[in-house]
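**Student:** In order, the protein sequences belong to chains A and B.
Its first residue numbered 1, the first sequence is counted upward by one per residue in the working numbering.
Its first residue numbered 1001, the second sequence is counted upward by one per residue in the working numbering.
If you're looking for bench data, these hints aren't it; they were derived computationally from the structure.
Yeah, the Cβ is synthetic: ideal placement off N, Cα and C, and Gly gets one too.
Heads up, a few of these hints could be off.
[As the list claims (entries may be wrong)] Pulled a few chain B residues facing chain A out of the computed Cβ check, cut under 10 Å:
#	residue
1	ALA1074
2	MET1104
3	GLY1136
[Said to hold, decoys possible] Listing some non-contacts, in silico: residues in chain B with all C-beta distances to chain A over 12 Å:
#	residue
4	VAL1096
5	ALA1149
6	GLY1156
7	ASP1157
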Amino acid sequence: MNVLVCVKRVPLTGGKIVLTTDEQAIQTRHLGFTISPHEECGAEEAVRLIEQQGGSSTVLTLGPPEAEEQLRDVMAIGVDRAIHLVTDGSEWDPQATAAAIVDAVQAEPEPYDLILFGNESADSGNYQVAIRVASSLGMPCVTGVKAISLQDGTLRCEQEVTGGRDVYLVPAPAVVTVKEGLNLPRYPSVPGRLRAKRKPVLAATPARPDSRLEMVRLVLPPGSGKQVEILGRGPEGAPAVVAVLQELGLL
Amino acid sequence: MVLVFVENVSDELSQQALTFARGLGEGVHAVVIGAPESDAVGLGALGVSVAHIAQAPEAYAPAAWAQSIVELAATLSPTAVLGPGTERGNEVLAHVAAKTDLPMAASCVSVTLGEPASVLRVRWGGSLLEEAHLHGSPTLLTVAPHAVAAAGDETGDAAVDYFTPTLSDADLLVHVSERAQATTAGVSLVDADVVVSGGRGVGSAEGFSVIEELAALLGGAVGCSRAVTSAGWRPHTDQVGQTGSKISPEIYIACGISGATQHMAGCKGAKKLLAINPDGEASIFANADYAVLGDLHEVVPAISAEIRKVRGT
């Protein structure tokens, strides 16, 4: 089978977000980068499915030239090849992103049996690129999936809901968005990283259409305004903690 | 007029979406899929003048639900179509957007309708906001959870209108075919009054024994940060964070957790936050009500011992 997993380069924000002076982006001078947590599980699932079923796995990203780092990271855990839709780093809205992915998928010589996305990206959280891609390609789409199995061309997808799990049965080819918890992603090995350096990256530079969900500026929400009360240092703080719990009626 | 997709008439987030829509001052119609008439009539108490009931299969089928909304919107020509900021609200509105090739803004805190519409929406699980313009009509958006409090209105009953959407096989292909029951044991993380959580500072899976002990003494649940689940020390079901559970306990006791934005997105609903951390510079203290500066391996057992002493056990 052929599996495609789509990922997005995002900064590792740490404890405090600082914006650039033009309020168009997060100040990333001192930050590392990664992919969204849900997508890490998507990449791991792609590798596991190919290990079980045979075939080929591909990772795709739309992002700046530096996003090749994330493609190599994903190939280091066992994905075979990459597609890089190279941008100048400016924001692409969900419709433009989906259209570029659809074009890239249709340009591939072999069709995909399964296209995996994260349920939503860690940064913009638009919840729609995968659904738009599926709709354009005429493929079924299941979202928020925490378990996938494939038998005789049918995908069984389980989604966590209040009080249980909803089960969807869909025929391949399909688009599936996944959530963290689907699996425990492996760490890349040193040989994996070395192999990833030699794996092929197919690059293309799609034109960016005007945004219809057009970001104007980013805004930091007001702080918590909390003034922390120090209850103590080390084990000596325990009686004060218990006093707080009693005050709150929790003991 | 604004059309609101009501996922579930008794769900707080659907009620918040209705309250948000009422605030736009244009009149509110609601669309429900396969709901009983009594539920639809009752939506009048939330300011709905007409409740449209789509006669579609009861089992959740996102594309079919979206098709119902697309057909209704074509007849009613609303200025905006809103959904709740739930998993299904986002999913159904995204299908509506895909079917109509319109832009859609998820998780909006506020909107000013117009051409273009201006929205303020949530990014990074609430750690950042975005001002954006939405070019397209009708305006499609979902309402961020707790952007407004659900509130009633003095309006009478809603008028009820039944309609039967034209659904293709493709619309019905993806649907819930069965509900597997959850096997849960102990106190659920999202419902617990007390959550005791451990981060990287716990150091190992075994290190969680002191966290478990304190949680048990308080009748609470055990949580953890993403660093812990990624290391395999705890199952992902214990994770509090942007990609884990969003919790709102009376008190959240964060032990050895630095307070990354990923984590804070999951626990900002806590009424009180007690942070136990040796690093006085940790960003968690900016969001904490109480702090104990110290090593959790010493502080947490001391708290458990103190509770036993107070209880005389």
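**Student:** Now tell me, hint by hint, if it's right for this structure.
**Tutor:** Right, here's what the structure says about each hint:
1. ALA1074: violated (17 Å)
2. MET1104: holds (6 Å)
3. GLY1136: holds (6 Å)
4. VAL1096: violated (10 Å)
5. ALA1149: holds (18 Å)
6. GLY1156: holds (32 Å)
7. ASP1157: ASP1157 of chain B clear of chain A: closest Cβ-Cβ about 29 Å, beyond 12 Å.
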